[in-house]
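What follows is each chain in one-letter form.
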Amino acid sequence: MDSLVSPQLLAAAMITGVLYALISLGLNLVYGTMRLLNVAHGDLVMIGAYVAFIAFSLLNIGPLVSMFGAALICGSLGWLSYKCVFQRLLSNGQLLSRLEENSLLLFFALSVIIQNLAILFFSADRKGYEYLSAIVEIGDVRLTGARLTVLIVGAVISAAVVFFLRFSLFGLAMNALIQNRDASAIVGINVDRVQMSSLIFGFGITGLAGALISMMEPITPVMGFPYTMSAFVIIILGGLGNLWGGFLAGLLLGVLEVYGVALTGPEWRSVLVYGIFVLILIFRPQGLLGSGKTAR
Amino acid sequence: MKNSLKLVLAVVLCMFLAGVAGFADEYILGIGFTIFMYIALAQSWVVLSGLTGYISLGHVVFFGSGAYVFILIWGLVPVWLGVVFSGIVVGLVSLIVGYPVLRVRGPYFVILSFGLAELVKNLVLINEARMYVSMRPVFGAPALYQLYIAMLLLAIIATGLTYWIRRSRFGAGLRSIREDEGAAETIGVPVAKLKLLAFAISGVIPAMVGAIFIMRSGIFQSGDAFTPIVSFTMVTMAIIGGSDDAPGPFLGVVFLVLLQELLWVNWPEVYMIILGILLLGFVLFIPNGIYGWLSEKYFGNKKNVT
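Taken in sequence, the protein lines are chains L and C. If you count by our numbering, then the first sequence holds residues 1 to 296, one letter each, in order. If you count by our numbering, then the second sequence holds residues 297 to 602, one letter each, in order.
No lab work stands behind these hints: they were computed from the structure. A quick note: this is a predicted structure, and the numbers were derived from the prediction, not measured. C-beta: ideal position from N, C-alpha, C; glycine also. Hints may contain errors.
[Said to hold, decoys possible] Derived, one-sided and incomplete: chain C residues facing chain L with beta-carbon distance under 10 angstroms:
| no. | residue |
| --- | --- |
| 1 | F381 |
| 2 | V385 |
| 3 | V416 |
| 4 | Y459 |
| 5 | W460 |
| 6 | G572 |
[Said to hold, decoys possible] Label-pair distances were calculated between CB atoms; the ranges are:
| no. | chain 1 | residue 1 | chain 2 | residue 2 | range |
| --- | --- | --- | --- | --- | --- |
| 7 | L | L72 | C | S513 | 43 to 49 angstroms |
| 8 | C | F435 | L | I282 | 37 to 43 angstroms |
| 9 | C | V550 | L | S123 | 41 to 47 angstroms |
[Unchecked claim] Stretches of chain C that chain L covers, calculated by requiring three or more beta carbons in the stretch to come under 8 angstroms of a beta carbon on chain L:
| no. | segment |
| --- | --- |
| 10 | 342-356 |
| 11 | 395-409 |
| 12 | 417-424 |
| 13 | 579-585 |
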């Protein structure tokens, strides 16, 4: 076992943390703007990973290019699901009264459909490809080129996304919607359009993260599920709908997970994640950074 | 229909179903077993999630825990005593666990129920790995027709329970929680107590179902016993049928089990996809389920959304 202060472990924690932060950002956007609980979120990671895999093995395009394709494809799925499913959900008074529960059931159904379609198309076997697998040494840290790339690209993209949400007009509109839907409609924000865009944007960055993940992990139709769970742990840790809180919580969970597993053992990983999850929900459902009021 | 006539019909039907066990072949008994199993599960789900609106996506936790308790005491006590014992143990534990869990409301509860089921599953997995068991075979289980009768009995109890609770003072309290928990509490409904009771009742029968189920499958594997597919099927059946009253899940189950019979063996993926599409369609277009829709259309009863 590595010693706990080793830079090796720190690097691993950073990689996991950056990916978590990016993935949970997409989930948080969708929840924050529309109060939709997307339990199919991890399946977007899976789709992104398959896009990168196909691009690499059939077209010989590297994941650093195809990740934008993955973002595009997942974004279109976001558009499609908004048009077909969620626009109806969000405009129907009867369904709206139990919005979160209904959205959860709908995404649950979508997740089952997507996963089984993936099994039909790609079979349940693990897939993977070799990309930048040479070992790079920086000081004491030994990483594969792929993991180093994921760390750098992931960090750059996360920063870009946060910057975008903070300072662009579109990002501000999303923030406004998160804070108060009715008031943002009154000041002239096109709520319907911002909602659709956040779904597209949230889905897109998750697909992109999936393409990054495909560089380091085997690809299977059910690979997304742990990411769904981690993303939920993160946005609840950070406070539902709180973008900054979620971002920090993503990094935090990465650190907790990597160090926790180093202390106990890989079989404890799930117990650790779900344990944090259950405890947070019971004792601090408003999140670590949240005020006394729960986001509802 | 008069209530007494309904009751007579129900009794005749149950006796017929029990009588079938005497001469039906394995295949028919197997289908019957599955139908009764899901009726018992879906009805139990309705007691908690249909009536109180606390939607549980992790009901398999009761099923799996019941199976686990049962396999641990397998061979130590008589079979049927073991089944009842598993139900009681799980019921008591859920009384303790339910107390903090049910303070979490709305969407948080939905996610929590799911997370809890996964947590328990992983703890059992670790525990099993520690004892170096990957699976536990069940030797010398009772014959299929006995299991069939037992499952029929559980289905009857679960249906009767849902029917009775729905019409009792207790059920009225539970439904007031669904409509507006805060208001219910203000006018003096003991919401915490009612929720907890519903949670425990909703767990006992799935636990016993789980115990009987592993005698049928002949093996206990923690991954299978706690699979989220069981939770998913339960929820879909209840929602498709209609989750506000006892007849609803009944309709949903018969429909889906027959579909499963047609597709599961050769095209399991297609089956799951159809299940997903059905759930999607029902939530969006027929949120009251088949039963709610029928009774609205033909009997003019306006049902509440669940």
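Consistency of the hints with the structure:
1. Interface hint at F381(C): violated, since its Cβ lies 27 angstroms from the closest Cβ of chain L, which is beyond the 10 angstroms cut-off.
2. The criterion of a C-beta within 10 angstroms of any C-beta in chain L is not met by V385(C), whose closest approach is roughly 21 angstroms, and the hint is violated.
3. The criterion of a C-beta within 10 angstroms of any C-beta in chain L is met by V416(C), whose closest approach is roughly 9 angstroms, and the hint holds.
4. Given hint, Y459(C) at the interface with chain L, is violated; its Cβ is 24 angstroms from that chain's nearest Cβ, farther than 10 angstroms.
5. Annotation: interface hint on W460(C) violated; nearest CB of chain L at approximately 26 angstroms, more than 10 angstroms.
6. Against a cut-off of 10 angstroms between C-beta atoms, the interface hint on G572(C) holds, since the closest Cβ of chain L lies about 4 angstroms away.
7. About 45 angstroms separates the C-beta atoms of L72(L) and S513(C), a value consistent with the hinted range of 43 to 49 angstroms.
8. Checked against the hint of 37 to 43 angstroms, the pair F435(C) and I282(L) passes, with Cβ atoms roughly 40 angstroms apart.
9. In this structure the supplied range 41 to 47 angstroms is violated for V550(C) paired with S123(L), their Cβ-Cβ distance being about 33 angstroms.
10. Counting residues of the segment 342-356 of chain C whose CB lies closer than 8 angstroms to any CB of chain L gives 3, which reaches the minimum of 3, so the coverage claim holds.
11. Check result for the segment 395-409 of chain C against chain L: holds, 10 residues qualifying (beta carbon to beta carbon below 8 angstroms, three or more required).
12. With a cut-off of 8 angstroms between beta carbons, the segment 417-424 of chain C has 4 residues touching chain L; three or more are needed, and the interface restraint holds.
13. Closer than 8 angstroms: that is the beta-carbon criterion, and the segment 579-585 of chain C has 3 residues meeting it against chain L, so the requirement of 3 holds.
Hint compliance for this structure: hints 1, 2, 4, 5 and 9 are broken, all remaining hints hold.
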